[in-house]
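Visitor: If you want the building blocks of each chain, they are given just below.
Protein chains: 2
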Amino acid sequence: MIPKAKWLNKIRWDEQGLVPVIAQEVGSNDVLMFAWMNRDALARTVEIGQAVYWSRSRKKLWHKGEESGHFQQVHEIRLDCDEDVILLKVEQIDGLACHTGRHSCFYQKLEAQDNEPDWAAVDPVLKNPDDIYK
Amino acid sequence: MIPKAKWLNKIRWDEQGLVPVIAQEVGSNDVLMFAWMNRDALARTVEIGQAVYWSRSRKKLWHKGEESGHFQQVHEIRLDCDEDVILLKVEQIDGLACHTGRHSCFYQKLEAQDNEPDWAAVDPVLKNPDDIYK
Chain A
1 MIPKAKWLNK IRWDEQGLVP VIAQEVGSND VLMFAWMNRD ALARTVEIGQ
51 AVYWSRSRKK LWHKGEESGH FQQVHEIRLD CDEDVILLKV EQIDGLACHT
101 GRHSCFYQKL EAQDNEPDWA AVDPVLKNPD DIYK
Chain B
135 MIPKAKWLNK IRWDEQGLVP VIAQEVGSND VLMFAWMNRD ALARTVEIGQ
185 AVYWSRSRKK LWHKGEESGH FQQVHEIRLD CDEDVILLKV EQIDGLACHT
235 GRHSCFYQKL EAQDNEPDWA AVDPVLKNPD DIYK
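Protein chains in written order, with the numbering used here: chain A, 1 to 134; chain B, 135 to 268.
Worth flagging that the hints you see were computed from the coordinates, not collected in a lab.
This one's a predicted model, so the numbers in the text were calculated from it and none came from an experiment.
Careful: at least some of the hints might be erroneous.
[What the hints assert, rightly or not] Cross-link-like lysine-lysine pairs, in silico, DSS-like; alpha carbons within 30 Å at most:
{"hint": "1", "chain 1": "A", "residue 1": "60", "chain 2": "B", "residue 2": "243"}
{"hint": "2", "chain 1": "B", "residue 1": "261", "chain 2": "B", "residue 2": "243"}
{"hint": "3", "chain 1": "B", "residue 1": "144", "chain 2": "A", "residue 2": "6"}
{"hint": "4", "chain 1": "B", "residue 1": "261", "chain 2": "A", "residue 2": "59"}
{"hint": "5", "chain 1": "B", "residue 1": "140", "chain 2": "A", "residue 2": "10"}
[As the list claims (entries may be wrong)] Residues of chain A placed beyond 12 Å of chain B at every Cβ, according to the derived structure:
{"hint": "6", "residue": "13"}
{"hint": "7", "residue": "61"}
{"hint": "8", "residue": "65"}
Idealized CB from N, CA, C, for every residue including glycine.
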């Protein structure tokens, strides 16, 4: 894999050299999570066929599932019209994308509460995080 | 709508006061587009029930559809585990989210081309952009 390849150059990397990435589950089409990639992460993702992100907090490549075993098998990679956002279509191993043990990271829903809306966790925890990260 | 409301404070706005937003179509679950919101945009979205984004290029609120008529009726608003990404579930008026006249902005797919992968536009233009923006 050549990190300076033409297909990587087509992407409009931001000033930090990153691009936002949406991971969507093949079949259900559920949006599982959102993360970031740099050139190396995307090149590595294509190379191994599993999602590799750039962890902005840890400042290093993050092979999703490396600790949890919840890898993402990449079926398709899409780019948007502005060429600055990636959509990954993935098979989510064990169906668990979220570190909270939920299927998707987007489990909080804005609901009407009395006069003011508020966020409510509406999706179930499918696996105890203590059993995921041992 | 109170822009300083508790539910807005729960969101971890970035250093520019923005949050990434994924728009997903109700029913098909297709990912339509990706954009950004600030507090005012999200408060306004909830108020009118249609997606209002923050245009980073024009530096102003952008009521999606204001020029094209392709409004997004908001059915559900979700927040991720890190509280820094929004997922909007929307009904896309006319089924056209992309300014190119396509259903979704993610119409470019990474495909194997000879030795090197490259991006190919794989989804059809459903309406001529000249007929959208008159």
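Visitor: Hints first: check each against the structure and report whether it holds.
Guide: Quick rundown of the hints versus the structure:
1. A:60 <-> B:243: holds (26 Å)
2. B:261 <-> B:243: holds (20 Å)
3. B:144 <-> A:6: Violated, at roughly 41 Å.
4. B:261 <-> A:59: violated (43 Å)
5. B:140 <-> A:10: violated (41 Å)
6. 13: holds (15 Å)
7. 61: The assertion about residue 61 (chain A) holds, with a minimum of 19 Å to chain B.
8. 65: holds (16 Å)
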